[in-house]
Amino acid sequence: MADHQEASATLPSDPVSVSAARRYVTDVLCEWGLEPDAETVDTVRLIVSELATNSVQHTFGQSPTFTVDLRLERDEQLCVGVTDSHPRWPQRLPAAVRQDNGRGMVIIRTLTAEYGGRLSVTPTQEGGKTVWIALPWSVPVQS
3 MADHQEASAT LPSDPVSVSA ARRYVTDVLC EWGLEPDAET VDTVRLIVSE
53 LATNSVQHTF GQSPTFTVDL RLERDEQLCV GVTDSHPRWP QRLPAAVRQD
103 NGRGMVIIRT LTAEYGGRLS VTPTQEGGKT VWIALPWSVP VQS
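Its first residue numbered 3, the sequence shown is counted upward by one per residue in our numbering.
None of these hints come from the bench; they were simulated from the model.
Glycine included, C-beta positions come from ideal geometry on N, C-alpha and C.
Any given hint could be a false lead.
[What the hints assert, rightly or not] Label pairs and their calculated CB-CB ranges:
#1 41 - 125: 31 to 37 Å
#2 63 - 125: 31 to 37 Å
#3 6 - 59: 28 to 34 Å
#4 71 - 116: 32 to 38 Å
#5 89 - 16: 16 to 22 Å
#6 64 - 39: 35 to 41 Å
#7 37 - 89: 37 to 43 Å
#8 63 - 35: 37 to 43 Å
#9 63 - 118: 34 to 40 Å
#10 73 - 22: 18 to 24 Å
#11 38 - 125: 32 to 38 Å
Can you build the whole structure from these sequences, using the hints too?
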C-alpha cells in the first residue's frame, strides 16, 4: 500500500447527504483493506454520521455543502475530517444536560478516545472549520 492515500467527497448540506457520507466512508475504508463489517468501519461510519449531521443541522443554512476527507498515513494513522463553511465551532455540552439531541460531539469524543485517537478542530482559510479525528490504523493480516 502507498505511504499516503487520500479520498474526499463534497456533498450538499442536506439530511439525505448524511447517509451518502456513511456509504462513501465505508467504500473508501474497504478499498483500503478493511472488511465492511469490521468494528473500525462501524466506528468511523458512526463518527462521520455524527459529524455530517452536525454540519447539516448546526450551520443554519450558511454552509451549502460539507466535505468528508480521509487520509491514511503510512498504514499507521487514519485521519477523517468533515469541513463546512460555518464559523461556529462545536460546543461542548455539560455532562448533566439531558436532552434528546446535542450529544453528537460526546459520542465522537468517546469513540475516538476508546480507539486511542484524538479529536481536533482547525479553521479553514474561508472562515469555516474542519473537525478531525485521528485513529490508529490496523488491518487484519490475511492468511
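Now for the hints, and whether the structure bears them out:
For the hinted restraint 31 to 37 Å between residue 41 and residue 125, the CB-CB distance of approximately 32 Å keeps it satisfied. A C-beta distance of roughly 20 Å is found between residue 63 and residue 125, which places it outside the suggested range of 31 to 37 Å. The hinted window of 28 to 34 Å between residue 6 and residue 59 holds, with their beta carbons roughly 32 Å apart. At about 22 Å, the beta-carbon gap between residue 71 and residue 116 misses the expected band of 32 to 38 Å.
Between residue 89 and residue 16 the Cβ separation comes to about 20 Å, which falls inside the hinted range of 16 to 22 Å. Restraint check, residue 64 to residue 39: a C-beta distance of roughly 37 Å satisfies the suggested window 35 to 41 Å. Between residue 37 and residue 89 the Cβ separation comes to about 39 Å, which falls inside the hinted range of 37 to 43 Å. In this structure, residue 63 and residue 35 meet the distance hint of 37 to 43 Å, their C-beta atoms being roughly 38 Å apart.
For residue 63 and residue 118, the Cβ-Cβ distance of about 37 Å falls inside the hinted range of 34 to 40 Å, so the restraint holds. For the pair residue 73 and residue 22, the supplied restraint of 18 to 24 Å holds, since their beta-carbon distance comes to about 20 Å. At about 34 Å, the beta-carbon gap between residue 38 and residue 125 stays in the expected band of 32 to 38 Å.
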